[in-house]
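K.L.:
Listed below, chain by chain, are the residues.
Number of protein chains: 2
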Amino acid sequence: MRTHLGSLRLAQLVQELSRLPGIGQKSATRIALHLLEGDAEAARALSEAILEMKAHVHPCRRCGAIAEEDECELCRDPRRDPHSLCVVGQPTDIFSMERAAVFRGRYHVLGGLLSPLEGVDPSDLRLAELELRVRAEAVREVVLALAGTVEGEATALFVARMLTGHPVSVTRLATGIPVGGDLEYVDEVTLERAFAGRRPLG
Amino acid sequence: MRTHLGSLRLAQLVQELSRLPGIGQKSATRIALHLLEGDAEAARALSEAILEMKAHVHPCRRCGAIAEEDECELCRDPRRDPHSLCVVGQPTDIFSMERAAVFRGRYHVLGGLLSPLEGVDPSDLRLAELELRVRAEAVREVVLALAGTVEGEATALFVARMLTGHPVSVTRLATGIPVGGDLEYVDEVTLERAFAGRRPLG
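Protein chains in written order, with my numbering: chain A, 2 to 203; chain B, 2 to 203.
If you're looking for bench data, these hints aren't it; they were derived computationally from the structure. Fair warning: this is a prediction, and the values are worked out from it, not measured in the lab. Among these hints, one or two may not hold up.
In this list, chains with the same sequence are indistinguishable; a pair is considered to hold if it fits within one copy or across any two.
Stated by the list, open to error - With a cut-off of at most 20 Å between alpha-carbon atoms, the simulated DMTMM-like pairs for lysine to aspartate or glutamate come out as follows:
hint, residue 1, residue 2
1, 27, 94
2, 27, 99
3, 27, 38
Make a model of the complete structure from these sequences and hints.
P.N.:
See the structure below:
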């Protein structure tokens with residue numbers, strides 16, 4: 002943007018803000034002006050929150066989720082079943098699962114999904130760590146909560162094959178029509194899977 | 002949001018970000034995770050840009066626009082005509098005027114528009130400063146570039162009345178149909194004004 006902002010420092014802040022996801026030049030300018038007009042305390046709080054987060058938040062040593070200690074809250078929670086593991090692609094997937102509140106075990110974050118096209122191969126993911134945990138933590142159940150994409154599919158198959166020979170049940174989230182979803186808006190592949198996975202009533 | 006983020010500091014950053022204009026909880030979370038996953042240098046640059054801007058950017062002592070020095074770039078620019086003043090509501094209005102590149106004088110920022118409903122009265126605006134400047138800087142022309150709203154209207158009338166008796170021409174931006182605008186989408190009041198302000202061709 003060639004807009005005259007009257008201040009190099011304001012322009013610099015606009016530039017930094019516009020690097021954030023979902024923030025264009027216009028939003029960045031609006032946010033920068035909001036910070037300019039607001040009190041110094043609010044700006045300082047934001048600036049500090051960024052540094053604090055960056056300094057103290059890192060992946061959980063055990064599961065790869067977001068943590069402030071060596072291990073994340075969920076890994077340290079004695080009420081969570083250590084013998085049941087839910088495998089997800091990203092730490093954020095844990096948020097979705099926890100919101101649904103259906104799983105009472107622990108998590109394992111792969112840190113991505115297999116994608117030959119994007120050059121993500123097994124060595125890029127926390128797969129060896131998963132196999133180690135399955136053995137060391139006497140895991141009896143592995144639930145694969147991976148995306149319903151080609152990459153999610155490939156990753157699920159890879160994990161299932163990797164865990165063959167371990168005394169563990171490997172399941173995957175069901176594919177089907179979303180609750181409240183109109184058939185009209187469901188794609189054919191999903192419908193095909195939903196049909197194949199149809200279940201008796203009552 | 003009750004989402005399990007696994008980190009108080011991450012939650013704190015999400016909260017600070019969601020206070021920014023146009024940023025909801027979802028965008029705030031996405032931005033926070035982007036900063037978490039990005040390198041430390043990017044996060045530090047943003048954090049610093051906020052503090053730098055806050056420490057060094059303030060209103061121009063003369064015109065009220067955004068400045069890093071005592072006076073803003075435009076007030077210090079000797080190529081700008083000091084005897085022609087464009088009166089705007091907010092510093093950001095200057096950006097719009099400069100983008101259009103039609104005005105070669107200087108600016109005066111009122112810091113708002115008169116609004117009895119929102120409790121903004123003349124003493125809240127930089128009106129006395131404007132009258133002082135008109136006299137001290139031997140201003141010959143005042144162009145009111147105020148919003149086409151009731152508040153803009155009221156403010157324009159107030160300024161015009163205030164400057165009665167000063168040897169200065171006071172004009173206001175024309176009201177009319179926007180360039181490229183279809184008549185279909187122009188409201189009646191604008192059309193009425195555009196008709197009243199019709200001009201001979203050629």
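K.L.:
Run the structure past the numbered hints and jot down the numbers of the failing ones, going up.
P.N.:
Hints that this structure does not satisfy do not exist here, as all of them hold.
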